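Let's have the full structure, built from the sequences with the hints guiding it.
Protein chains in written order, with our numbering: chain A, -1 to 130; chain B, -1 to 130; chain C, -1 to 130; chain D, -1 to 130.
I should point out that these hints are in silico values taken from the structure, not numbers from a laboratory. This one's a predicted model, so the numbers in the text were calculated from it and none came from an experiment. Please note: incorrect hints may appear among the correct ones.
Stated by the list, open to error - Straight-line alpha carbon distances no greater than 27 Å define the calculated DSS-like cross-link-like pairs of lysine-lysine that follow: (1) A:K115 - C:K68; (2) A:K95 - C:K113; (3) C:K113 - A:K68.
To be verified - With the C-beta cut set under 8 Å, the calculated list includes, among others, these residues of chain C facing chain A: (4) R9; (5) A11; (6) V26; (7) E29; (8) I30.
Said to hold, decoys possible - Some residues of chain B that are not near chain C, with every Cβ distance over 10 Å (derived): (9) Q15; (10) S65; (11) T102.
Glycine included, every Cβ here is placed at the ideal spot set by N, Cα and C.
There are 4 protein chains.
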Amino acid sequence: MNAHNIELRIRYAETDQMGVVYYSNYLVWFEIARTEFFRSKGLDYCRIEQERKIYLPVTEAYCRYRSPLKYDDVITVTVELTDAGRSRISFGYRVKKGDRTAATGYTGHVFVDEKGKPVAVPGFVREAFFRG
Amino acid sequence: MNAHNIELRIRYAETDQMGVVYYSNYLVWFEIARTEFFRSKGLDYCRIEQERKIYLPVTEAYCRYRSPLKYDDVITVTVELTDAGRSRISFGYRVKKGDRTAATGYTGHVFVDEKGKPVAVPGFVREAFFRG
Amino acid sequence: MNAHNIELRIRYAETDQMGVVYYSNYLVWFEIARTEFFRSKGLDYCRIEQERKIYLPVTEAYCRYRSPLKYDDVITVTVELTDAGRSRISFGYRVKKGDRTAATGYTGHVFVDEKGKPVAVPGFVREAFFRG
Amino acid sequence: MNAHNIELRIRYAETDQMGVVYYSNYLVWFEIARTEFFRSKGLDYCRIEQERKIYLPVTEAYCRYRSPLKYDDVITVTVELTDAGRSRISFGYRVKKGDRTAATGYTGHVFVDEKGKPVAVPGFVREAFFRG
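Put into structure tokens, the structure is as follows:
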């Protein structure tokens, strides 16, 4: 399955004075889930950047906030590969607390070289995600 | 005009190891622009929450990243009211560095009471935004 | 032993453009370790705040940065109770990556009521930490 | 005078569920004040890093929290050069809201090259700070 789950416990630093998680933090969780998804496929995002000088910046991000989350809540973030083009790749996300969906979202990305020029999705990435 | 500009200088804390602004921070700037927009209309968001017990959580947020931003860049964030329903209100955003648009986005919000139940857009908010 | 360990993996969002962890994030980890330390003693910090209306703000924080930490590093944060007075309590911290100490630090705290007035360290806290 | 003031308005994102500023954010403000202090001396910290490959990591940071700060508070952060050695330099900070001191602190730094090896405080830095 081209999906991956991570579990997180919400940090005090992630709350705001409304007593719930501040809205930008969901994008941080999306990124952690995405990184762990890569890792689960044998891809070390860190090394890709350092050794291959290929980067995967975000081109767009969306989050739909369905029900608030609080400090100390344990959540599951599910990420799946939703689309892949020549240079582009998209991921979908679902944040759940128990059975309740707290948020959904997506991010779009493009593989670029050191100068920011789009490059084809590297073969080893394509293989890792589409092999199984 | 139902729009407002703020100017920000990018903080070191907002960068990541790719040498550019980490993607969730744009949502923080959107929120600052939104708050200042309220203030420019004579609305103190802080007091609305505390005194009227009316809250305006985000229901959705979107950002399109067009060109990267760096530490110490001075940016302008323009926010405008794009839509208002019975309980709902939407804002559009444009982040510019000089003449270059670095990002665009939008957020959707709903006015709720202390229990999280949607309430009509308060009259004083409606007046503030639509009066002029 | 009045100490507790947590393990964390460093987030991309925690790095800055120098390619290492931005310095304020260590205080976030200290707080996570502290909270988990409370939990390991059967104390739910979240509930203490909500139910007992007793708060434990930080009065001082110190961090000594010994060697830089990078994205994706797995670290251990050890927290121990170092001192406890009538209203005050102090914790010491050590951040390690493998055998290497990356940082050390401490925080001081005071138990206060809803109005911010210092109160004696609650009995159930004292018991939890000094019982074993 | 070897001191500099900046004014900041506290961001919603900087609050936590206790309704006050989360404690690690003070270090972010210290860094902003420090950077602006450099700028006021004609030193572009950004360019020093990029062009001279000299970095100024933090070796220690301390903050004493005297009275809480809230969302939308306008604060003044004063930074001053407190000490300078061969490779080392220290700054002191004071955070005020109106006449009230909300926090004080300090940071220690060391000038290093790209490999992290300490180097003498660059001449142009020494001149900038001690010339007037």
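Okay, the hints, checked on the actual structure:
no.	hint	result
1	A:K115 - C:K68	26 Å, holds
2	A:K95 - C:K113	33 Å, violated
3	C:K113 - A:K68	23 Å, holds
4	R9	6 Å, holds
5	A11	5 Å, holds
6	V26	5 Å, holds
7	E29	6 Å, holds
8	I30	6 Å, holds
9	Q15	4 Å, violated
10	S65	17 Å, holds
11	T102	22 Å, holds
In summary, the numbered hints that this structure violates are 2 and 9.
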